[in-house]
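Each chain, written out:
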Amino acid sequence: MKLHEYQSKGLFARYGIPIPKGQVATTATEVRTIAKELGGWVVVKSQVLVGGRGKAGGIRLAKSPQEAEELAAQILSMEIKGLPVRKVLVDEAANIKSEIYLGITNDRAARKPVIMASAAGGIDIEEVARTSPEKIVKVHVDPLLGLKEYQARDIALGIEMPRELWRTFTQITFGLWRAYLECDATLAEINPLVITEDNRLVALDGKMVLDDNALFRHPDLAELRDLDAEVPSEIEARKYGLSFIKLDGNIGCMVNGAGLAMTTMDIIKLFGGEPANFLDIGGGAGSDKVAAALRIILTDPNVKAVLFNIFGGITRCDEVARGILTALAEVKPVVPMVIRLVGTNAEEGRQLLAQANMITAETLADAARKAVAAVSQATGGFPA
Amino acid sequence: MSILVNKNTRLLVQGITGNEGLFHTQQMVAFGTHVVAGVTPGKGGEWVLGNIPVFDSVKVAVNATGANTCVSFVPARFAADSIYEAADAGVPLIVCITEGIPVQDMMRVRNYLDQKGVRLVGPNCPGLLTPGEAKVGIIPGNIAIPGNIGVVSRSGTLTYEVLYALKMVGKGVSTCVGIGGDPINGTNFIDCLEMFNADPDTEKVVLIGEIGGTDEEKAAEYIAKYMKKPVVSFIAGQTAPPGKRMGHAGAIVEGGSGLAADKIKALNAAGVSVAAHPEEIPSLL
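So the sequence lines, in the order shown, correspond to chains A and P. With numbering that gives the first Met the number 0 applied, the first sequence covers 0 to 383. With numbering that gives the first Met the number 0 applied, the second sequence covers 0 to 284.
If we strip away everything but chain P, and leave its shape as in the complex, we get (with noise of 0.2 Å):
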């Protein structure tokens, strides 16, 4: 077992023939993961890696492919555009891996895909993998095994980071979900810590977080009332200047909300150990 993406994931790629969409479709197809359809507007009818068809239209796709789950390589001004296609085209479940999506277009497709019911992991996130059964994003395959530990982070390759600290001690991964580093998102911490307190597979989870915003605050109230698993955590940005977007939109220190200081404690007070670096991680476990 795992969450969000298995053996079962039918992905469809958007901006297949892109740079990163071609190179990181690749990776996804040598790791495993069944890539069913791309879709570049205006390149339907092409071939990608010799056999994945290439279609005009999310919908076309997902009727032709059966396709469960869309991956957006997108660059930023059409990604909004990208969410909502796959959106109406009925995929349940939407990565949007691009980074520099504008927040007031986030806000409206955020509450567009509440509307519909529609789960988007992202933006501006490394995607998922469940070691052994898929890969959806960039995380790459090779630095997990498979294991009862979930991850959740806000994080791209500071997740990596932890996923080879986990693996060089011989620790595996049940999912791997990368949420994000925008200040509005898909999923959250809290919607992942549900999904891995009711994954039997999951026996323990791995929360990264960093400065900004007050989600792992949330999600330490979550743990205290709710979380059947011991959770470890590690907070980024503790040296990070207040007032400077440090990189991700959403890691920003404002009117002294969003300190990796907080965040700790909170985290604390809910049982959670912080470790002081990612690779002091493994012996918390």
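Same shape as in the complex, but just chain A (with noise of 0.2 Å):
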């Protein structure tokens, strides 16, 4: 789950981190009276997730309270990336001496937490890292030992931190650390990290990535995400822990398992179909899951057939079975269904649906190959 500027150094705060003074806003006129109160010289950001905000137009300075409703007023009324901006954050402008990134994520492949740390700050570290490697520090933290100072100590000398810095360097990295910790973060990022013109340290932006599966410890941060940046068909989903991702074709799919639910939208691909959907039930889900499941990708006015693919481990057919007669009572679908039920008490499952009208299949490219020939037949020999 991605978290706004705002939010993340809302966060940072909290963990010691220096942030510019500054308020969110949702109209103009708001943004004019923070402005008044923050001495005239403002930036004003968009609050939306996606990257390139500046670029956009949706981060602007202002030189007095008048400029900011103004370019409030612009920036509140674009889209970014397809984003509305429906906030934005007032900062206090900063005289900007020097620019540093410093990072906290998760390294898979050393299966530890890694800082990162720049003196190229201000710009997308990807970037950094394609181009210049070697002006990116990295420290691998022991996940059990935690942060040790001297590992901060090593960043500030990695990056040419002023001595006189390396104090409250220290500082930020441990807060920043204890962020990453503590809100269960995959990413925890200050992007600049700036060096004032009076020899201050300041997070300008930052960043927070936070782990879904660890957010039952977080209710509190939880309740910040923004449906905003989702597709509502998938926040329907999570609500009944369903993993389903819309997509632009017009086969629907239902499958228990992740990687067999990629494979089945490959598949169809393969054949010369286009999924509509990545959707993955779960292991174990019972009757009324599928049910909500077959619901959501019906409501895809793109959707001309439906295949079920379910090979049965910890999920038991029967159930798959029983949740789709409940979901075709209800929905009373029109587009052909392809079925195939493989594995622990499919035969069960079998038997529930012999009287449910779809096409039944043995073989993953069987059922593939006869979801695209449904369709093509649906739209009258135009795949997709």
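It should be emphasised that the hints constitute simulated quantities derived from the structure, not laboratory data. None of these values were measured; they are calculated from a predicted model. Check before you lean on any hint, since a few could be wrong.
[To be verified] Ranges between beta-carbon positions, derived for each pair: (1) Pro74(P) - Pro300(A): 32 to 40 Å; (2) His139(A) - Asn7(P): 35 to 43 Å; (3) Glu193(P) - Ala355(A): 42 to 50 Å; (4) Phe22(P) - Lys134(A): 32 to 40 Å; (5) Lys238(A) - Asn18(P): 15 to 23 Å; (6) Ser76(A) - Ala268(P): 49 to 57 Å; (7) Asp113(P) - Ser76(A): 52 to 60 Å; (8) Lys134(A) - Ser256(P): 43 to 51 Å; (9) Phe215(A) - Phe22(P): 20 to 28 Å; (10) Ala268(P) - Gly157(A): 33 to 41 Å; (11) Glu253(P) - Pro231(A): 19 to 27 Å.
We put the beta carbon where it would ideally sit given N, CA and C, even for glycine.
Put the two chains together into one complex; each comes in its own frame, and the hints tell you how they fit.
Here is the structure:
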């Protein structure tokens, strides 16, 4: 789950990281008031969950409350990469001497958190990593020991931080480490961390991504989720614990298991069709979950056929069959449906569905071919 | 022969009294696995399926029954704790089926187990199956027959698909290992390739990967250098949109890394035949 800049910086402040004075606003008049309180020179920053806000004109410097109001009015009427700007952060402007990157993320390959820092801050760190990786200092943290003070100093040395700022920098690094740890973040990033003309360190911009699997430990953080950045059907799916991703094709897919769900998409494409979604009903899905999944698939008007591919393991095919029957009674779909049931309790499942008027398939390839054929028939021979 | 689990496996089930734990204990027993104990804190003294004793702690259960392998069905929020408990009780092989364990928990677990020299399979995995000998986890027992093909996979049901396709053409399996779909797990591809390489009864290997991370690329490097047996592969997620987590916590293309195309290229370069879809695998073996 991605957090907005203002949410991330709010968390940083809790962990003792210095952030600019600022406030969030939803209207241009509010922005004027805030700018006045902050002394006039402010930065108006759109709060949307995509990168490249600056390039899109979503971050602007204002020299007076009047200008701040005007710029805010523009920004609040913008869409950035398809997302409407509903909030702006108004921060006091800083006099910047230099910009640093400081971030913590999970290094999959090393199986450890890694702290990355660079004196080339303020720009896209992935770009720096590609073009000049030598400019990035990396320190891995032992997850059982936690961050050690010498490691923070090593980072300061590595990015040639002026000596008089080491102490503050170490405090900031530890603050960011605690934010990463205590919020179960997969990314906690300050970019840029600036050294101001008067030699202070300030986190001008921040970003946090939280581990969805750990949100049960953080009900307060779970509430920060911005539903604007998500597709409605994906929000609905999450309520039922379904893993659903909407795609652009016309063959709806209901599969158990993520690997098999991806494979089902791949094979539909291989046989000339286009999947309408990724959907993993998960292990051990009960009939209510299956019914919800089918309703979600069928709300997509593009869907011209549905392919069920269930390989029972922890999921029992009879439970899935019951869910399908429940949903069919309720939704009464008109599109053709192809079903393949194999594995745990498959025979019971097949018997339950014998009267349901579905196209049955034995193999995955057979199921995909039949679904593609059903769509092509439904669309008069014009697939997709 | 086989790897990791066999007829000498003495299995302890953590979370044995839960819905899934109980259902799959039944299935494992029906398959012929020696399930010697179960653990559910607070339910010690009860019995499951008539003759499997339930204990309050893994340590007590291991002392009483000589269990040498644990399988955990414990819910995600308590799963890391269940792995520590099994490791501290001296169990050398722990299989964790549970999906949804926080990734920071898994980083701590993995680093702890490495220090103790304990092997973990999973989490977020279907477990292991040695046809004719033992099943530890949730792989349906009737979809594979004994044979000489080793299978290792990041996926669950996709693995069943492959086992089933092999069975349909009469090809059997030495051991199937589901290593799980999480970004941080225990046993990885290379560990399994090493074991299959050393197992005299494994003649060929099927490696099933998916998008996310670079473990398939590393496996390809290992295969090119050390593998003495032919390897056939399938990689899921060729049509997955970038930046989206495809169900498995670890299945995501990030910053241009983890693409199916790159994995297929690396495997091909290492002499591995990569199937266009899972049912094509048997014909490539």
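Checked hints:
Evaluation of the 32 to 40 Å hint for Pro74(P) and Pro300(A) yields a pass: the beta carbon distance comes to about 38 Å. Between His139(A) and Asn7(P) the beta carbon distance is about 38 Å. The supplied range of 35 to 43 Å therefore holds. A hinted range of 42 to 50 Å for the beta carbons of Glu193(P) and Ala355(A) is consistent with their spacing of about 48 Å. Between Phe22(P) and Lys134(A) the CB atoms are about 54 Å apart, so this pair departs from the stated range of 32 to 40 Å.
Distance hint check: the CB atoms of Lys238(A) and Asn18(P) are about 21 Å apart, consistent with the given range 15 to 23 Å. Checking the proposed 49 to 57 Å range against Ser76(A) and Ala268(P) shows it holds: the Cβ atoms sit about 51 Å from each other. The hinted window of 52 to 60 Å between Asp113(P) and Ser76(A) holds, with their beta carbons roughly 54 Å apart. The hint said 43 to 51 Å for the Cβ distance between Lys134(A) and Ser256(P), and at roughly 19 Å that hint is violated.
Distance hint for Phe215(A) and Phe22(P): a CB-CB separation of about 24 Å, consistent with the stated range 20 to 28 Å. For the pair Ala268(P) and Gly157(A), the beta carbons lie near 35 Å from each other, so the given range of 33 to 41 Å is met. Between Glu253(P) and Pro231(A) the Cβ separation comes to about 25 Å, which falls inside the hinted range of 19 to 27 Å.
In terms of the numbered hints stated before, the structure departs from hints 4 and 8, listed from lowest to highest.
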